Amino acid sequence: MGDSRDQKILLPGTDIELPFGLDLSRRDLLKIAGYGSLAAFIAACGGSSPTTTTTTITAKGGKMSLGSYLSDSVPKKGLQDVVDAFTSANGGTTVKVNTVDHGTFQNQINSYLQGTPEDAFTWFSGHRMRFFAKKGLAQPIDDVWNDVKGNFTEGFAASVKGDDGHVYAVPTSYYPWAIFYRKDVFAAGNYKIPTNWDDFKALCAQMKKDNLTPIAFADKDGWPAMGTFDILNLRMNGYDFHVGLCGGQQKWTDPKVANVFKKWAEITPYYSPAFAGLTWQEAAQQLLHKKAGMFLLGLFVSEQFVASGNPDDLAQLDFFPFPDLGTSYDAEKALDAPIDVYMLAKKSPTLGSDTGQAKAFLEFMSKGSSQITYWKASPGAIPTANDADQSQYPALTKKAAQIVSNAKRITQFFDRDSRPDFSGPNSMQGFLLKYLSNPKGDTGTLQGQMQSFWDALPPE
Amino acid sequence: MATSITPAREDSPEAGELVATRRGRYHVLTRFDRRVLMLMVGIPLLLDVLLIWWPTASSIFLSFTNWDGVGSVTAQNFIGLKNYQFMFSGYTLFWPAFLHNIIWLAWLALIATPLGIFFAVLLDREMSGTGFYQSVFFLPVVLSLVVVGFIWELQFSPTEGFINNAFGLVKSGKLIDWLGNPRINLYSILIAASWRHVGYVMVIYLAGLKSVDPTLREAAKVDGANEIRTFFRVVFPVMAPINVVIAVITAIEALRAFDIAFIVNQGKNGLELLSILITNNSISEASLVGFGSAIAVILLLISLGPIIVFLSRVMRTTS
Numbered sequence: 001m002g003d004s005r006d007q008k009i010l011l012p013g014t015d016i017e018l019p020f021g022l023d024l025s026r027r028d029l030l031k032i033a034g035y036g037s038l039a040a041f042i043a044a045c046g047g048s049s050p051t052t053t054t055t056t057i058t059a060k061g062g063k064m065s066l067g068s069y070l071s072d073s074v075p076k077k078g079l080q081d082v083v084d085a086f087t088s089a090n091g092g093t094t095v096k097v098n099t100v101d102h103g104t105f106q107n108q109i110n111s112y113l114q115g116t117p118e119d120a121f122t123w124f125s126g127h128r129m130r131f132f133a134k135k136g137l138a139q140p141i142d143d144v145w146n147d148v149k150g151n152f153t154e155g156f157a158a159s160v161k162g163d164d165g166h167v168y169a170v171p172t173s174y175y176p177w178a179i180f181y182r183k184d185v186f187a188a189g190n191y192k193i194p195t196n197w198d199d200f201k202a203l204c205a206q207m208k209k210d211n212l213t214p215i216a217f218a219d220k221d222g223w224p225a226m227g228t229f230d231i232l233n234l235r236m237n238g239y240d241f242h243v244g245l246c247g248g249q250q251k252w253t254d255p256k257v258a259n260v261f262k263k264w265a266e267i268t269p270y271y272s273p274a275f276a277g278l279t280w281q282e283a284a285q286q287l288l289h290k291k292a293g294m295f296l297l298g299l300f301v302s303e304q305f306v307a308s309g310n311p312d313d314l315a316q317l318d319f320f321p322f323p324d325l326g327t328s329y330d331a332e333k334a335l336d337a338p339i340d341v342y343m344l345a346k347k348s349p350t351l352g353s354d355t356g357q358a359k360a361f362l363e364f365m366s367k368g369s370s371q372i373t374y375w376k377a378s379p380g381a382i383p384t385a386n387d388a389d390q391s392q393y394p395a396l397t398k399k400a401a402q403i404v405s406n407a408k409r410i411t412q413f414f415d416r417d418s419r420p421d422f423s424g425p426n427s428m429q430g431f432l433l434k435y436l437s438n439p440k441g442d443t444g445t446l447q448g449q450m451q452s453f454w455d456a457l458p459p460e
Numbered sequence: 001m002a003t004s005i006t007p008a009r010e011d012s013p014e015a016g017e018l019v020a021t022r023r024g025r026y027h028v029l030t031r032f033d034r035r036v037l038m039l040m041v042g043i044p045l046l047l048d049v050l051l052i053w054w055p056t057a058s059s060i061f062l063s064f065t066n067w068d069g070v071g072s073v074t075a076q077n078f079i080g081l082k083n084y085q086f087m088f089s090g091y092t093l094f095w096p097a098f099l100h101n102i103i104w105l106a107w108l109a110l111i112a113t114p115l116g117i118f119f120a121v122l123l124d125r126e127m128s129g130t131g132f133y134q135s136v137f138f139l140p141v142v143l144s145l146v147v148v149g150f151i152w153e154l155q156f157s158p159t160e161g162f163i164n165n166a167f168g169l170v171k172s173g174k175l176i177d178w179l180g181n182p183r184i185n186l187y188s189i190l191i192a193a194s195w196r197h198v199g200y201v202m203v204i205y206l207a208g209l210k211s212v213d214p215t216l217r218e219a220a221k222v223d224g225a226n227e228i229r230t231f232f233r234v235v236f237p238v239m240a241p242i243n244v245v246i247a248v249i250t251a252i253e254a255l256r257a258f259d260i261a262f263i264v265n266q267g268k269n270g271l272e273l274l275s276i277l278i279t280n281n282s283i284s285e286a287s288l289v290g291f292g293s294a295i296a297v298i299l300l301l302i303s304l305g306p307i308i309v310f311l312s313r314v315m316r317t318t319s
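Going line by line, the protein sequences match chains A and B.
Per the working numbering, residue 1 is the first one in the first sequence, and the count goes up by one each step.
Per the working numbering, residue 1 is the first one in the second sequence, and the count goes up by one each step.
Simulated from the structure, these hints should not be mistaken for laboratory data.
Among the hints, erroneous ones may be present.
[Claimed, not checked] Which residues of chain A face chain B? A few of them, derived with a C-beta cut under 10 Å, are: (1) N110; (2) L113; (3) T116; (4) D313; (5) S437; (6) Q449.
[Claimed, not checked] List of simulated lysine-lysine pairs, PhoX-like, C-alpha gap at most 25 Å: (7) B:K221 with A:K209; (8) A:K63 with A:K76; (9) A:K263 with A:K134; (10) A:K263 with A:K251; (11) A:K440 with A:K149; (12) A:K290 with B:K174; (13) B:K174 with A:K209; (14) A:K440 with B:K174; (15) A:K256 with A:K408; (16) B:K174 with A:K208; (17) A:K262 with A:K201; (18) A:K398 with A:K408; (19) A:K208 with B:K171; (20) A:K161 with A:K290; (21) A:K96 with A:K76; (22) A:K347 with A:K192; (23) A:K149 with A:K408; (24) A:K77 with A:K398; (25) A:K347 with A:K134; (26) A:K208 with A:K183; (27) B:K171 with A:K290; (28) A:K135 with B:K221; (29) A:K201 with A:K76; (30) B:K82 with A:K291; (31) B:K174 with A:K201; (32) A:K346 with A:K96; (33) A:K251 with B:K171; (34) B:K171 with A:K291.
All of these numbers come straight from a predicted model, not from anything done at the bench.
Beta carbons: idealized from backbone N, C-alpha and C, even for Gly.
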């Protein structure tokens, strides 16, 4: 039985291995079911696809498909605008957009990419991108990148490279994490922007005295707490340690991690009451309605201020960078600025015939003008292209772009920098919630649990 | 593993003593009948093997691997009993999840199910408006647990929710974090689960009560038994088959508890359940398929208890 596992049948004309033997997995079965239609499709395509050997890698007209997790109405409309613009710019290429609920798309990405995915799909950079590149589920796009790389900074170029050095994605938008506040609340309370940790804590104490929740915090979703962990760890222990911790080269039992938790405990008394039962939207409402003074979150918090319907709310929204902690790593100005990308799915049954169109779409998405089209409809993230027309940005967006370009080190957010199996609800999210339920307590046991969970994960 | 169940064997009644062979004087079943029978047995059997036994066997098989869901399972993926070892000793969430399932079972068995039975007995007394009460209690049953979870999420939300606002806890600032406090959130969602479970039990029990021979009650009354005594000494024993069904339903509901906790916070921070650990580890982006399968195998072993009780009951009544 042991030997039969290694027997494979190569499907003629494809590089798809058909596992042969008794120990097929459920997924294998599904795959086999899919091969029938796939083989028929390949036969139908004939040899038409490889004949286009012109100098250009893109193709006009025709068709392509796109899997999208932009399921909220605002970003969904933004994507539709861009797709329409692409269709008219690319000789009428029809784009079939398959929109899937954001959370569902993420949870099912594994089976999606192994099944019958669309040609192109929306995804994240960081470890999450490299993981699927390594598994051979993403198509390298070095040729596209060669055409467009002049339009991106070094940081973006690094963010779309796989472990093998090939490029796997085109970055299209990003947003920084920072501490958001209302200008009118700060003016009314005569509060000053804190630049160091002591000032920050003093401000919290003052706000508490003024009957304001100093820091809006919400962790029912599990991931928002990671943002605070990231920034504290980056500022106290530096970028290299943080990346090492996310990647498993550093240990969770390190006293440096204990220090982060100790520091964190100094501000947890200023958090929203009942934060473990609140969603980030509810916490954003506290900031919006002047019940809370500050909120450490991504730029997307502005969505709630747009949705309030009162333009003055958005005008009052501002942010400042996380205060310095007095360590040597303050100078890195490191922060979380997750980048959203578009990728090509290698297993897409139609990619063979649509490669030209799909690559044309990625090139189109790398243009500043296309990114601005999307941004106009959905302003929660900032375009990545150098030639994006920044003159239209409101002050908040300009400032957000500024804070990221000032940062010497940029991370992607914990759940994009670390393994997905380590950052899920029953792992890191749960561990952080456990910490937050008793932040003053000894974290030694918890750190031991984190490390033993990491150690139990299978090799990637 | 799949080869151990071969169709030829299952179809073998054909060769048994009931059916006369070619040399026999008469045929109980014609050839056509036999073919129809083979189809009628074969198709469900095939579906059963394909949809139930195959995935079950796969899960058991995968529980000895560290397969991540990508590509095929290779020899390197085999890690023996490591998944089980880690689950019982290293994984800090397994025993809490196990305990939560036990609490879930205890709550349903000791609070929700008796309450449902109590309502059924009350409604059986033909008081006015029975139909109205029945529909009120039964209404939640027709809702999916996802919807139930969503409804109760709105009730329990700390600042925006109905409960904290109705009792003035938001104004006074003494918020109760129904869903976020790991000491109470399990009980909050148990209230939500019971809201549905009570109606479910009630309807089944009510149907059973209607079939109890009224002369039994009259006889008990003549003998001078009061209502409570009549119920416990006469009606309840007579209802034995229904009681078993109710007990099994309660056990199954407790074992398959998933939806509400998942809707609330994906089953973390005090809401861990075995089914949720399986999902979050194996079906989500995490794709620890091997480890998730190991938890699934444990859940399967636990589930075998009520399944065996239920089946043995069903077999006994049919034979």
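Structure-based check of all given hints:
1. N110: Hint holds; N110 (chain A) Cβ to chain B Cβ min 5 Å, cut 10 Å.
2. L113: The hint holds - L113 (chain A) has a Cβ within 10 Å of chain B, the shortest such distance being about 8 Å.
3. T116: 16 Å, violated
4. D313: Cβ of D313 (chain A) sits 18 Å from chain B, so the hint is violated.
5. S437: Holds. Min distance 6 Å.
6. Q449: 5 Å, holds
7. B:K221 with A:K209: 70 Å, violated
8. A:K63 with A:K76: Measuring from Cα to Cα gives roughly 20 Å; hence the hint holds.
9. A:K263 with A:K134: At roughly 37 Å apart (the allowed maximum being 25 Å), K134 (chain A) and K263 (chain A) break the hint.
10. A:K263 with A:K251: Distance ~18 Å between K263 (chain A) and K251 (chain A) Cα, so the pair holds.
11. A:K440 with A:K149: 48 Å, violated
12. A:K290 with B:K174: 19 Å, holds
13. B:K174 with A:K209: Since the Cα atoms of K174 (chain B) and K209 (chain A) sit roughly 17 Å apart, the hinted pair holds (cutoff 25 Å).
14. A:K440 with B:K174: 21 Å, holds
15. A:K256 with A:K408: 22 Å, holds
16. B:K174 with A:K208: Distance of about 15 Å is within 25 Å: holds.
17. A:K262 with A:K201: Answer holds: K262 (chain A) to K201 (chain A) is near 14 Å, not above 25 Å.
18. A:K398 with A:K408: 18 Å, holds
19. A:K208 with B:K171: 16 Å, holds
20. A:K161 with A:K290: 42 Å, violated
21. A:K96 with A:K76: Holds, at roughly 14 Å.
22. A:K347 with A:K192: 54 Å, violated
23. A:K149 with A:K408: 20 Å, holds
24. A:K77 with A:K398: 23 Å, holds
25. A:K347 with A:K134: 14 Å, holds
26. A:K208 with A:K183: 18 Å, holds
27. B:K171 with A:K290: 15 Å, holds
28. A:K135 with B:K221: Violated - the C-alpha atoms of K221 (chain B) and K135 (chain A) are around 75 Å apart, more than 25 Å.
29. A:K201 with A:K76: 40 Å, violated
30. B:K82 with A:K291: 50 Å, violated
31. B:K174 with A:K201: Between K174 (chain B) and K201 (chain A) the Cα gap is close to 24 Å, so the pair holds against 25 Å.
32. A:K346 with A:K96: 17 Å, holds
33. A:K251 with B:K171: 44 Å, violated
34. B:K171 with A:K291: The hint holds at about 12 Å.
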